[in-house]
Each structure stands twice: as structure tokens, then as C-alpha cells.
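S.K.: Put chain Z on the given structure of chain P with help from the hints.
Protein sequence lines, in the order shown, are assigned to chains P and Z.
Numbering-wise (my numbering), the first sequence opens with residue 1 and increments by one.
Numbering-wise (my numbering), the second sequence opens with residue 1001 and increments by one.
No lab work stands behind these hints: they were computed from the structure.
Even for Gly, the Cβ is constructed at its ideal location relative to N, Cα and C.
All the pointers check out, no bait thrown in.
Partial pick of chain Z residues on the chain P-facing surface, computed with a CB cut under 10 Å:
#1 Leu1019
#2 Val1022
#3 Arg1025
#4 Leu1028
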Amino acid sequence: MGAFQEFEIVRSFSLPVFLVPFLPFIASIITLIFGKRYFPERPYILPVSALFLSFILSLYLLFEVLSGKIYQFDLFTWISAGNLKVGLGFLVDPLSVMMLCMVTSLSFLIHVYSIGYMKGDPGYYRFFAYISLFTFFMLMLVLSNNLVQLYLGWEGVGLCSYLLIGFWYEKKRASDAAKKAFIINRVGDFGFALGIFAVFYYLGTLYYDEIIPKLSVLKDVYLGIGSYEVHVPFLIAFLLFCGAMGKSAQFPLHTWLPDAMEGPTPVSALIHAATMVTAGVFMVARLHALFEMSEYAMAMVAFVGAFTSFMAATIAITQFDIKRVIAYSTLSQLGYMFMACGVGAFAVGMFHLFTHAYFKALLFLSAGSIIHALHHAVDPNDIRIMGGLRKYMPITFVTFLIAGLAISGVPGFAGFFSKDEILAHAFFSKYPWGKFIWLIGIIIAVMTAFYTFRVFFKAFFGEFRGREALHGHEPHESPKVMTIPLIIISIGAIFSGWLGIPEVLGGGAHFQKFLEKVVGHPELVGVDHTVEYFLMAISVLAGILGIGFAYLIYVKKPALETLGPSKFPRIYRFLYRKWYFDELYHYLFVVPTFWLSRTVVNLILDTFIIDHTVNGSARTTETSANLLRKVHTGLINHYIWFILFGIIIYLIYYIYIR
Amino acid sequence: MIPFEYYVYLSLLLFCIGLVGVMLRRNLIILLVSLEIMMNALIVLFSAISRYSNDTTGYVVVFFLIALAAAEAGVGLSLVVLLYRSLKKIYTEDINYYRG
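Bound-form chain P, shown alone:
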């Protein structure tokens, strides 16, 4: 990597780097095997302490990288066949060390939160084993120095996501959602695997530091598919992006993420908001040079992100399940990150990923705290039974408010800086679609603020509406073990943005500069500070506008709430049914698959071909046996005949033919 000249590259084995992922792994395995028998009451001790050590080691590595070191080494050669040589190795550079700190810190806090949230669950030990196994795979994904190990982590987090969505597997909806997540991810991962094959086919290597310098070879390489000539960098970028679409739940593979909310809330916070779903963005940033080679690839990233973001924001406005609203908001924010990548601002996309991880995890965990308080209700996720919770849960009220302000982009909170950076970079982008992305971004910002504060006002203001649903139980604030992580994460949700205050506001944009050594500096045209202040004002206004609307509708004049659905029932139903994507996929894929399996496979293949093969072989044996048994008369005289014939045939053969 040419950009690493100012870094000292350490190529020998380094124990801290090794321990960061493997401590959670060991803790997970021990908890999984011995947890149920030996410490069913306290299965969290090992994972939590392992995560804490990992977090400390990540901070140590962060300072090492800041002082100008890069770790890049292989533990051992994993696969070696012909030209293909893949090691299990680690690469610690600014990009991965940033992900490292984010994953370990959040994972540690969410582990602690789960101690309270999951208490009394029969699968207490299983939960901690899975979630720290997930952390292991996520860290392997982040730390990998080649694409195959990235794929290992990629599939590993997919597996853990499946296990944790289906954690309450006795609930049919949970196990269905787990299967849906796994199968839809499989579609994307198929493309991702093809992309890896293509990288190896065209470049002959899978290590990042060898791929990047070799990319210029592909500049004028075209592949003929039918009568089309496809630019190879676009093809590879498209295939790899398929994987990102699956994992980061972008259109058209986005339908699994809202259903994934059937899992426990800490899982939603860690896997489906902060870490796993951002793997796609991380991968795009890691291979930014490849994407930048093709304008089409960048446009694809930008527009897929923009469309997903817009669609998810519109759906989120109408949903009543608190976790689903937040899930759609995650989709929307992931789209935002891809929009940033699609205009070439990879560092800013990663910055938004970083801040989003904190405020979205906070949003989820606060929602989890509410759900925990209402767990006596049949459906504790329904915002219609909430209301007035401010009195009962003051800490959750504050943390939810902080997260909401952060996601809405209110100045001073984390989301403001990263969102504003994305919008500014989109506006000044050298790509022609930059202005359009900016406009979409502003619209989405209004909606984001609106739906977040819709939930906030419905949950915390007004009168408590859940008396009947709770059967006389009063909602209560969550235990300390849950609120303390909430408070710590809310510090992150405020200050994580301060690491990268843009220059126009007098900051140094340290975060972006730190990452730009790896992901490249975006080319901007016509940057003007006055325009930038103006843009900032618009985006702040957008956030305030959304909050204001929500306040007007849900606090001031609750009568307005039913106005939208009654005036525009069609649009409302269209949004409420999530743009009919589930129905569309049902009729497009599920129904034909069932038809195919019931008629073609069952009737034709199974009854006709397979049954006839099996029965036919039996019948052949029977027929030939019936013929042969006629010879076997049991009469000695006949056997003498056969002996005679045998001798005659032998003699004829011996005399005439030999």
C-alpha cells in the first residue's frame, strides 16, 4: 500500500493482536461447553472479562497505530493450492483499528447490559456463548488481511446472527426470521464468493496489500458476456457489492433485517445495528480503490444506498413495533453510509458508521429497557401501549433523548457531525449524482428526525396507555446493570462525533484524516465555506423540522395523528405494508418454489423418475430370477445334462477355437 510510507510495518507475530479476537473465542467455547453444568447462574463472567481485556488491548493497539505502526502478519498458511496461498492473518491499520475499538467497546457494554436483560432466561449461558462467538467472528472479519479470511468472518457473523435471531427458537416467528435472514444472506454471499473468485482470477492474489497496487492492470480489461462488454472492475465490484447488499441489508436484499428484530434486544443492538450490518460498508471502504475504478460501481453504491435509505425512512414512519422502527432507521442509516461511499467519501462513510454504531446501539438498548419494563404485556414492543414513561423511567428517557437527538443531527451530538460531513461531501462531490444524493439526504434527514421523535413522544409523553396490557403491573426503571451501560454508551453517542469535527467548524477532522491514509482522500470541487455553512444550516433545519412535526402531531395535537392515514389510505397502507416487498418476494420466489417442488420435483421427478428407478431395479431382479429359476429343477438327471453340455462346449472351445 503506497499510502503507508509514513508507517512502520510490523511483520512479526504480535501477541496483543492475536489475543483481541481469540480471547472472546476461548471464552465462548468454554461457556458453551461447560456453562450449563458448572456455572448456569453466572455464565457471563468469562465472556465479559474476555471482552474487557480485548477492549483494553484494542485501545493499546489504537495508540500503537497512532504512533505510526501497522501490523501485518500471517499466523499460518491456511490454504495452499497452486498459486492460491491464503494465510490466517491480521492487518491492523487505521481502518481496522477503528472498527476494533468500536466493536470491542460496544460488545463489552452490551455484554454487561445483557447480564440484566437476559437474566432468568433458560438459555442464559447459550446467549453469552453465542454473542461472544459473534464478537470473535466480527473481529476476525475486521482484522483479516485477505479476502478469504474476510469471508470466514463474514459467514461466521452470519451464522451467529442466525443463532441469535432464532434464540427463542420455540417461537415460530423467531425461527422463521432466523431462516429468512440466513437464506437472504446466502443470496448475497453467493455473489460475494464469485467476486472473490474473480479477484483471484484476474489478479492472482487475495491479500489486500497485493490487490491494491495490482488494480491498475484491470483498467482496460473487458469481459464479453453475450453481446455485452463488461468492464471487469465493475463486474468485481458488483459481485462483491452483492455480499454487502445481503449483509448490510440494502435493497433488494433488505427484507431480513426488520424480521431479525425477533431476536433479543441486545442482539439487535450489537449485531443488527452496530457491527455486523456495517460489515458491508467496511468491505466497500476496504476495497475503495476497486470501486473507484468504475463510475458505474460508484453510482450503483450511491443509488442503492439512496433508494434503501429513502424507502426505509418512509416505512419507519408508519410502523408501530418500536424495534421495527429502529430497524428501518438502521436500514436508512446504512443507506446513508453507502451514499457517502458512492460519492467517494469513504472516510466520512466510516465516520458515520462509527458514530451511528454508538447512537443506534443506544437507541436499541433504550428501547430494550422499555421492553424490559413492559415485559408483562403480550406485545411489549407496541408503541401504542406505551406513553408517559418519562415518569417511570427517567434514565431511559434521557438516554433515548440523547440517541434521538444524535440520529436527528442536532448540533453538538455525534450524528450531526457525521451526517453533515456526508451531506457536504455529497454536495461538493466530483461525481455528477452528488447534488441529487444531497437532496435525498436532506429529505431523509427530515424523516429520520420525525420517526425517531414519533416513537420518543409516543413512548415518553402523554398518559400511560398500557394499564390493561400490563394486568396491573407498573412499569419500572431497569436495574443498574442495564442503566450504567446505557449511560456510558450515551457518552459515546454524544462525543464520538467530536473526534471528527469538520474544519469549517474549527475542528481538525482528525478522524477522517486518520482514515484517509487507508481509504483515500475524496476529490471535491468548488468547496466554498459560505456554501458549507449554508448547507449545514439546511441539514440542521431539516432535523429540527422533523422533530417539530413530531412534536406537533404527537404531543400538541394528537388529533392530527389519524389525519394522514385517513386522508391518504392508499399511501399509508403501501408504506405500512413495507412497500409490499415481502408480498412481492412471496409471489416472486416462495410461491414458484413451492409450485416447482410440488409439481415438477414431487410429481415428475420423485414419483416418476426416482420411484421408477427404485421399483424398476427390483422388478428387473425379479424377472431375471424368474427366468433363471426354471433352470434350477432339483433333478439330478438335469444336472448331468448340464455337465455334459458344459464338457461339450469346453471341448469345442478347446479343439476348434484355441
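M.R.: This is chain Z only, laid out in the frame that chain P set:
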């Protein structure tokens, strides 16, 4: 002196009679008798060969064959008697337990 060929013809005739008997008759005792006839064909052939080649080896074989034929007849007949005692059957078409 009778030519050697005649002995061969006689022997072949006896062997064929025995063979046809074994192949066609169903009575176990007749089967045994037919086997004896085939054995006698061999004896005739061996003594003729010995006589015409001035080699006594053939006579020695003939003695062994006579002993063998006697033993065979003894064992065979006793088996037939045992079989008859237990099954009350003597015809091969009735004794076809290995019919497929």
C-alpha cells in the same frame, strides 16, 4: 486277434449306454447301475490299452477301478437304502428339494 478299435467301440458303446441311463432314468438304483456300466467301459478301455501297448500300468489301474467300483456301489446303495427309509421315495423327480 481282435483289433484294438473294436475294444474302443465296445467301451464307447458301454459309456454311452451308461450316460443315457444316468440322464434319462429316474430310478435311483438304475442310476447307480448306469454309473457302474460307465465304470465298466473305463475298465474295458484300460485293459485293452494295456494289452496292446505291452505295458502293465493299465492292468494296475483296472484293479484299482474294480475296487473303487465295488466301494462306490456299496456306499451308493447304502445311501439309497437310507434315503428310502426316511423318505419312502426312490424316484428322482420326487426328491427335488433344491428346486428353484
